Structure formats: C-alpha cells, structure tokens
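Asker: Residue numbers (the working numbering), protein chains in the order written: chain A, 1 to 693; chain B, 694 to 1386.
Quick caveat, the hints were computed from the structure, so don't treat them as lab data. Values in this document were obtained by computation on a predicted structure and should not be read as measured data. Any given hint could be a false lead.
DSBU-like, lysine-lysine: derived pairs with alpha carbons at most 35 Å apart [to be verified]:
hint, chain 1, residue 1, chain 2, residue 2
1, A, K103, B, K1354
2, B, K1098, A, K273
3, B, K796, B, K1070
4, A, K23, B, K796
5, B, K698, B, K1070
6, B, K796, A, K661
7, B, K1359, A, K666
To give a feel for the contact side, a few chain A residues facing chain B, derived at Cβ under 7 Å [to be verified]:
hint, residue
8, L131
9, F667
10, A680
For every residue, glycine included, the Cβ atom is placed at its ideal position computed from N, Cα and C.
Here is how the chains run, residue by residue.
Protein chains: 2
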Amino acid sequence: MTDDKDLLCINTIRTLAMDAVQKANSGHPGTPMGLAPVAYTLWQDFLRFDPAEPTWPNRDRFVLSVGHASMLLYSLLHLTRTRQVKSNFRDAGPAAITLDDIKNFRQLNSPCAGHPEFHMASGIECTTGPLGQGVGMSVGMAIAERWLATRYNKPGATLIDYDVYALCGDGDMMEGISSEAASLAGHLRLSNLCWIYDSNRISIEGSTDLAFSEDVGARFLAYGWNVLRVRDANDTAAVKLALQSFKREQSRPTFILVESHIGYGAPHKQDTKEAHGEPLGADEIKGAKRAYGWPEDAQFLVPDGVYEHFAAGIGARGAASSSAWKQTYARYAETNADLAREFDTMLAQGLPAGWEEALAPVPADAKGAATRDSSGKTLNALAERIPYLLGGAADLAPSTKTALKGKGDGSFEATNYAGRNFHFGVREHAMGAIVNGMSLSGLRAFGSGFLIFSDYMRAAIRLSAIQETPSVWVFTHDSIGVGEDGPTHQPIEQLASLRAIPGLHTIRPCDANEVEEAWRVALSSKYHPTCLILSRQPLPTLDRAKFAPAAGLARGAYVLADPADGRAPEVILMATGSEVPLCVEAWETLSAEGVAARIVSMPCWDLFEQQDEAYRRSVLPDAVTARVAVEQAATLGWDRYAGLHGTIIGMHTFGASAPMKSLLTKFGFTGEKVLEAARAQLARQKTMHRAAE
Amino acid sequence: MTDDKDLLCINTIRTLAMDAVQKANSGHPGTPMGLAPVAYTLWQDFLRFDPAEPTWPNRDRFVLSVGHASMLLYSLLHLTRTRQVKSNFRDAGPAAITLDDIKNFRQLNSPCAGHPEFHMASGIECTTGPLGQGVGMSVGMAIAERWLATRYNKPGATLIDYDVYALCGDGDMMEGISSEAASLAGHLRLSNLCWIYDSNRISIEGSTDLAFSEDVGARFLAYGWNVLRVRDANDTAAVKLALQSFKREQSRPTFILVESHIGYGAPHKQDTKEAHGEPLGADEIKGAKRAYGWPEDAQFLVPDGVYEHFAAGIGARGAASSSAWKQTYARYAETNADLAREFDTMLAQGLPAGWEEALAPVPADAKGAATRDSSGKTLNALAERIPYLLGGAADLAPSTKTALKGKGDGSFEATNYAGRNFHFGVREHAMGAIVNGMSLSGLRAFGSGFLIFSDYMRAAIRLSAIQETPSVWVFTHDSIGVGEDGPTHQPIEQLASLRAIPGLHTIRPCDANEVEEAWRVALSSKYHPTCLILSRQPLPTLDRAKFAPAAGLARGAYVLADPADGRAPEVILMATGSEVPLCVEAWETLSAEGVAARIVSMPCWDLFEQQDEAYRRSVLPDAVTARVAVEQAATLGWDRYAGLHGTIIGMHTFGASAPMKSLLTKFGFTGEKVLEAARAQLARQKTMHRAAE
C-alpha cells in the first residue's frame, strides 16, 4: 500500500463506499469513488470542523447536495472520528458513525441511511437527496452567516465567520431550483459560499450528452460568480489552488467545476452509468482495489495511520479553531452579555423572554381585516421582540403583508447584511430551500407567497418537515376568494396537499385572534414547520366574549359556539378560515329559531389529531351525525369529520375569473347555503332516528 | 390622432388594456402598454396566423407566458377579428373576442378571464399565468413541430413548418422551470423557437435590482441560444430586425431581450411597480391617452382603420398561408392517404383503429411483475400501434421503464427529430410543461419519474388538468416499497395530493391487467390528464378467472372478490396497488375460516366518484361497516370509504431507509395485519349490532 498518507485516506474513503454499497446490495458507489480526492482535500486542509465538537457555532458548513453519495460523508465522519452531540456545541458523546454503522449502511436504524438524514448523526448538516435542495439550503446557510456575523460580531470579537461548501453534481445543475438559488447568491454577493460541481458527465440515462450540453461555467459567470475549473479530480494540488482562490475571493460566491470520473478505478464500470446507482459487484470491486494498490480481499479496511492522519489534519486544526473560539466567546460574553444571551437562546431554538407579549387580543370588529393583514401586524409585533425572526417573499411582500417595518428592518442586500426583509425574487422553490437553510442555522425564518405557488416549492416544504426544522411558510390568497385572477391563481387542492405532509402544521385561521394563536403555535414549535393559510379578503374579528377564546386553536379544533341555553347540540357546523363566518351566520339564524347548533372552528387538523380521543369526541360527539363542513377547497379529508352522512360544501372543480362575490354565489359559499345544508342534515338525522326507534 | 397606422394600432391595444383593467377594477395594465409595439410587430408582420381559421395546423404558435398581460392577447384577438372555432381548422364561428367581452374583462363567463384560459377563446394556445409555465410549454410546442415535420412532411409537400413564439418577463426568467426548459431547448437546437423577453426591470416588490441582477443574455448564450437585444420596445424597426434574425437562424433557439417601459405613457406610473397589477386610475389613464395623442375621454375606442389595417396585414397574410396550406394538404392526401388519415386522427385527438388490440390479457402469475415493468410492456405494445404516442423521463427511463424499444424509436435529439424517446434531463418541472406543450400540439405525450418527484412538477400537472389536456404522467417507485433510498425518496403524501387535483385521474393499479386497463383509460381520455402510480417491486398477477376482470378499473373501484358461496359480505377489505395482494392474502384466510369477506380494488377514486350512487353503494354497501382500507401512503381521504369506524392501515410518518421487507414489517403492511384488522372490525360490528338490537 502507498506511503502517501493522503492517497491512503482517499482510497479508504473509496473502498468503504464500495464495500458498504456492496454489502447493502444497494446504493451509489460511483460518486464517492470519483469525488473522494476533492472531499478529502476540502476536509483535511480547508474545512473548519472540529470532530470533537461537530456542532460548534462557527464551524464551516459542508452540504452534500449529491445526497446519493452519502457514503462519502459517512466515511469522512467515521474517519475523522466525529462525535455524536446532543445539543449545540456541548455534550460530545460517542462516535457519530462507527464502522459497524457503515457495515449497516441502508439498514433499519443505522445512522447511515440511503441519503444523509439530518438528526441521524452529528456532522450531517441537512437532509439531502432530492436534487437541488442541498445547494439551495447552502445559500440559506451562507445568508444566515452574513446576517449573524453582522448582528453578533463586535470589534475584536468575531463570533461568526464561517464558510459554506456544497458538493453538487450534474443533477443539481439541471434542476431549476439550483438556477434560482445561484442567481440569488450571485446577486447577494455571498463570498462565503463555495459550490463544488462534480462534472462526471454521467447521469442515470447515460452520458450527459443526451440532455445537458450547456456551458455551466458560463452560466455561473452570468450569475456573477467566481468560476474556477479543475481538470482532474485526482489532482489534489489543483483542488487546493481552487479552494485557496475561494478563500481569497471577497465579493462573489465561488463555483469550482471539477472534472471527475464516476466509479474511478473500477476496471469496466468507470465512466459508465452502471457505476452510479447500483453495487459494483465483487469482481469490479476487486479490480478497483487492485488499481488502488489495495488488498483486494480486504473489506471495510481502515489501514493503519488513516485515523491518525485525519486527526493530525482536520482534527488538530478544528480543535484549535473551536478552542480559540471558546475563548473569544468568553471574552465576548463579558462585554456583550445581552447579545451573548440572545445568541445562546437562538442557538437553542429558544425565543427571548416575553416574546408572547406581542400577542395582544384583538377586539371584535364586524368589518374585520384580511387574515393576511392581521398576520402582517402580528408578525411585526413579534419581530420587534425576536431579533432573529426574519424572512421575506417570492416577490409578493406587498401582497403577503410580510414586510418588517421596524427601525433598521431594511432589505437584506449585498450592501446591507443586517436587513431582515428578504427579496427572494420570483423564485419560490429556492426560497423554500433557502429558508430551510436559514432555519438550520438558528434563525427563525419565514418565506411567503400566494398559496397557489406552494406548488412550486412542495419539495422544499416537505424537506422542512422531514428535517423537523421550524420554517414558517406564510401563504396568502388562500381560495377562490382571490377573485378575478382566475383558476390558475385560485388554490383548490393545495390545502389538502399540505395537510397530507407528515409533521407539517397547516393552519387556516378564521380571524385576527386565531392569526395570533397561529403565530404562537408556529414560533413555539421547535421541530415542526408551519404553513399559515391566510385570506386576501377581510374577515370579521369575532367577539370572543360571545364566542370561545381563540386559544382553542392550539388544540387544532375547538367549539367556537354552542347553544346559549346549555342544550346539547343537534347539529354541528364546522369550517376553517373564511368559511367560519358563514357558519356563524347560519348559527345565528338557527339559534334564533331555537335549533341547538354548534360551531367548530378547525384551523389545524394535524393538531386536532394529536389530541386525545376524549377531547376529539367532546368536540365532535358521535351522537350528532347532522354535520355540515364548509371550506373553499377540495373536500378531500373532510369526510373524517363530517361523517359518511354529513354535508361537505367545498370545491369540486377549478375556480373561475370573476369578482369574489360572484364566485361565492356561483360555488355556493354563502351563509344561506350553510343554513340550508344544516336544515337538511337535521331532517336526515331525524328520519334516521325515527327509523332506528 | 396619428396618421401612422401602425402606431394607431399599437395605441389601440394599449388603451383597450387600460380601459378594460379600469372597468374591471382589477388586472395588469402595465405590461400590455409596454409591450404593445413588440406584440403588434410580431403579429402584424411575422406571425403566421389566420384569424378566420385560428386553429389550422400549420399556424405559428403564440404563447403569452406573461399571462397576467392577458389584455394584450385579447386586444390582438379582437382587433384581428379572430373567429371562434369549435374543432381543428374547421367550423369558423362568431368572433372569438368581441368588444363587449373586453368590456367584461375578468367577469363571470367572459372569455376575457384574468389570465388566458385555453378553451375560452380560439387563438389562446394554452393557459398561462403561473410564471414559467408558458415558456416551458413553448418548448414542448417547438419539439412537437420538429417531430411532426419529420414524420409528416414529404418532398414537395410541407405540412408542418411553424414557429413558436413566447412573450416572457422578469418573473419567467427568475423561475427555475424556465432555466430548465431553456437549457433543454438549447441542447435540442430548436431553431423554430423564439422567446421575447420583456425586460422592464420592475417586479411586484419594486425594481428588479432588489433581487435580480444576473446577466440574462449571457445566461442564454451559455445555454446555446442566439441572443439578441432591442434597446427600446417602441423601436419597431429594431424589433423587426431581431425577428428577421430569428427567421434566418437555423441551428439555435432565439432569445430577444427587449428593454421596455412598464405602463408606457402613464405620466406618473410608467416604470413603477404601481403600473404592474392594479388599475391605473382615471387620471393616469387620461394622462397616458394624452401622451398617445388619444381622445382622453374615449373609452374602448377602436379608431377607424384599425380593423382594416390588421386585416390587410396579418389577416391577408394568414389567409394566403392557410389557403396555400389547404392545397398542399389536398395534394398530400392524394399521395399519402394513410399518413393524411393518421394526421387527421391525431389532430382530432383520436387514436388509430385497432389500438386496443395492444391490450392482451396477462395470465395469472404468482411471482408477477412490478407494475412499472408491466407498464413498460403495455406502453411499448401501444406505441407500436400509435405512432404519435411518445415521451420520456427526467433522467430515469431505465427505472421508470418508459423507454420505447420499437424499430426506429430512437432518442429525440438535435440530430434525430424522429426519435420518440425524450431525455428531459433532471428537469421534472420543465418536463411537465414540455409534455403539456406536446399534448397541446396533438401528440399523445407522457412524462415519467419517481412519484416523489411529482412534487417538483406539481404546477405543470395542475395545468394539464386546468387545460384539460390528456398528458400522461407515469410515476413509479410509488411507496415505502422503494426501500433503501429512504424518506426523501419514499412518497407518503403524494397520492393524496394528486387525488385532490380536480379532473386528474390518479390510477394506482394492482397488477399487470389493471396496468393495461389504466393505460386504456389514460389514452381514451381526451380531456383528462392521467397519473399512473406504479410499483418498483414485483406484484403477483391475479388469476382473473378467480377474481373479477380488471376491466372494472374503468369504474374506479370494483368488487375484486366476494364470498364464494354467494353470501353477502360481512367485512370489506379495500386497497390499491401493492396493497391489494395483502387483502387477497387476508381474504383467503377469512374465506377458509368461513367469514364472508369482500375485496374492493380501488385504483382510481376519481373515476369511482363519477359513478352513480347505485353502483357506488353496490361496491361499498352501507350495511357493512366492518371495513379495512390499506395503502402505503398518507391516509387522508380514506375515511370516505372506510367510514368513521373502519380501520385504515396507512402511513402517519415519513418512511425510513432499509430493505423493503423490514419496512413493510415496521410499518405494518402485511397480510397478517390486514387479517387482524378485519377480525377486529368484525368484532366491533357485531358489538354494535348487538347494542342496536
């Protein structure tokens, strides 16, 4: 075996990847084999990362956007002896990835999942795999660094000055999300961001010549990036030169195009699509090991000196950095106690004491306000108390009402990294990934747009749920209430689609007070992202002396009103958001007529399902089968609450272009229709009861 | 008023747009005002379009990707006196857009909807509004033209040689989908495609300087496009030069960057975001009209000579072209009768006689096949009989099994426009829009990928449903059955999300015979797109002598098996796709034990809901409340069929990375679990019956 310790380490990464994929009989060996020299050079000589404290705040971030090459990351985490850490920069525990974990690659409960899963092991900065998401999040991380540095650094005490690296591939480059993210990164002049593009010219269908012949480097020049090229991934000296150029660059993000060989060393499969996504097979592995000068029958071999070489390189450098940082931090905390406390609270995903005082009850108002407007007010009140609550819109802030208007809340721009208002441009998908990257960096970040455009960023919303990051998604213009813009702009199936995502809290508040409670839930959640679904049109602010307090929102659904005389309800009217007032209208008439009616406001199904059965039955008693559900959306899922015999007033087609009032009449969203349905339900229930008697 | 007829026409377009938006008190006046000279020049001097026969097959396509500027298109359709046509190139009827329609802009039932809606008026080539979709579809239309030309043109008889124009804006340019589409268009060297980019430097939040400072022209050069610049949208001579350059270009798509002034002529609102999305107000309109030399109090004015000028320009040119084409076609049909018949059938959205013979019953097979494999076979058999059935994958054809393997079914590439296999690259969203564009052009087009990546292309799938185009979406790897790739690659909420889209047929077949029936439904549908949801893992081919014929799929759900002795069922087991075999397993045991059990296969909820109540009740009789539903997906929506007391075995979290068998055990998808649930349901039903007695 070679005396070259660097090469020894590189080949250890390669062989671990090959062996793990072979043993799992599943996985992607080719990219780790091709990229090992690049990843090794980056980690060993550049990445500021302390394996003993893998989450210390000022570490460089490494994002494996080519998530399918997960073995590359697992090998590095194992060989650097990265520890498992429970919370931020404390409590170093056992090894994050053991050799046994690697042998259990892709098996149940192994931290070495098919694609890197955030939370599964320290050192995994985010969940990657869906192409383009990693690079998108890396932009959010780089943005976060600029913002945090601006807020927390003091002369002589630099708390934050890290870099963000992302390894990406042809797939990332083809996905639109990465174009969006790269364009914004160039605009924002994120010189702390480095994408390393593995140009191996192979994708699943074969050569990239089949579908991808653009000049990627020229494209990044057009975005305003510093573009470099390394002609051979195995030329670690050239890789170093490129990374040094990145470190020197002061005003642009850096793009390093590296020409590599997928499945490097495999005698027959190198440079073929067969090296991408399946085990190489025993013979190819032996051949590759021979080519590396490796004992061909050894499996999961970590030769003598490899751990030590990593320890002497990245380990020692990282330890020195993190320990110097601790001293800096101690000094900093002495002279900037408040900021230090805020910094700590933020990193622990906490919120400043007293933040909930921003949420003052809103008095009843028949005219009311659009929930997007209420949300804008609430958000601004919260942002005053939570300095690291920030975000923006995909070119819709004037409509989504998400602009922060406090003193100093300017736009986040290359000339003002202190800004809290983010202009993501018409780039919903990148916005989603960027907000996720910001959330992963400690910020409480939100992204906003019209609900219909949630379709453009579904994959990023999903990833916020998978990663359990508390990203807040503010979606306005939530129904056919949009009016004249017509079917392409009127959400129908979006509510159901979001409700179906596990772990995501989709909340559609009915008035200003529910909006406040919705924000309370969103910011109190450390491990759940939230979608706020808000109206364009005004909704009355309910009189909470007459109706139940909006705090019921925290339980997902609650009894908003019951018969005044304490009778048990004969009929239940249920709704969310803008349809709750229709139920109120029908309820008033029914009550006046002596009918015992209940209104249930159901702003968040997911929270309701988390309540115990007793509560759920108390809100929706089995005995009452006369039920009317009403929502300006696809009805999918409502049967669960309306029951097999209930009436669901919802949308069964796309909308239409017309003023809102015409649409509400056309599609049957009026108090009168709810009243009619309630009466029909009461009659049906009576008939059934008689039949049963 | 001016003697310059061109300017008179341009200002008529502008003033109609301003007046219509003002009257509707809603809409987007600024872009039509800025772009009118460009759109006018294109239509009047270049576009090959016959207003009297607006759907003749060899017309140029005009795509208003900036759909919010819909008044631009409505004005042009009105001023060119475009006729309303019912079917392809026949039956010219009344005016497509009357002046009254324009006065009813954005009102219920006006063809002048907020955004252009395909089907609402002839001359609207596709529904646009969601940014990036229009340019994406334009690539599909240009691809279709190349394919059709290659298949149908004969020496001396050119049936097809049209160009495709798209008007796009800053929003389109920022959306990732347009980057994807542009990259592929450059790769495919679509010299018949011209994008005209309205660079007005204003978006909703303000100046594009806030978020968008890339060099767009340089980006398109990197994609391999012919890039041109017009410094002033009002310089119609420069616009002409650019369009002439496009017409001369033989090997690249053309990108014309036009610098324009949003709200051109409005005294205070020109070049401001206020001109974008709201009425200008009476004063601004008067001011703009003064600037145009227009009578400032006249509304909806079409000055003398305007209709005539259009008639003499685009009208005369279009009539000559379409009438010459008809002669060509008549000659063509004489010598190429078969091809001419095929061409006609295709344009009428028909299929060649005998196409269904491709669907031969598949014999029972306990080992069976993955439904993706069955689909691949079925697709190939169909493609043999339907020459214009074609499509591809987003770099996943080897996995989605969508490659067409017939003689001559090569790859569609710049060097082979006859190919039927499309390599879309890792560009799901563009694939969606491109397939829509191909479908709109007469082709029966499909796009494929992993089900999880449907999230990347939701907006395009939705648009196929809104436009009622029969695009076919082939999604494989449909559940946690994906196995080792883990949570990021395992669909959970995607099925529910797709089922919620109005008009989309989401079909999850359970075996090879249901796969055939699913394809039959997909290709028989002229106005509904279809999602085929297919397994990665093998599923047994049911013995259709023992179980009901798969033809039941056409009704969405059907009784697959009932008690052999003719008893009424006591318990219903229902499922789709890979979970049907689990029901079969449980049913066998129950039957052996003398329990009267029914299996319902429910491959397509949407089709089931379209059946009459009698049929639906016959499949799911009210009396049987003992029900078990099982599906490896989010449970949202199943309550409708399982009832309030039924058991739903589904997914409530994301999946995990492990071999499939471990996952099925972990998450409870086994025949045994179904059996247990069925027994518990029977016990519950018995108790309830007793209680009722």
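Asker: Identify every previously stated hint that the structure contradicts and give their numbers, smallest first.
Answerer: 3, 4, 5, 7, 9, 10
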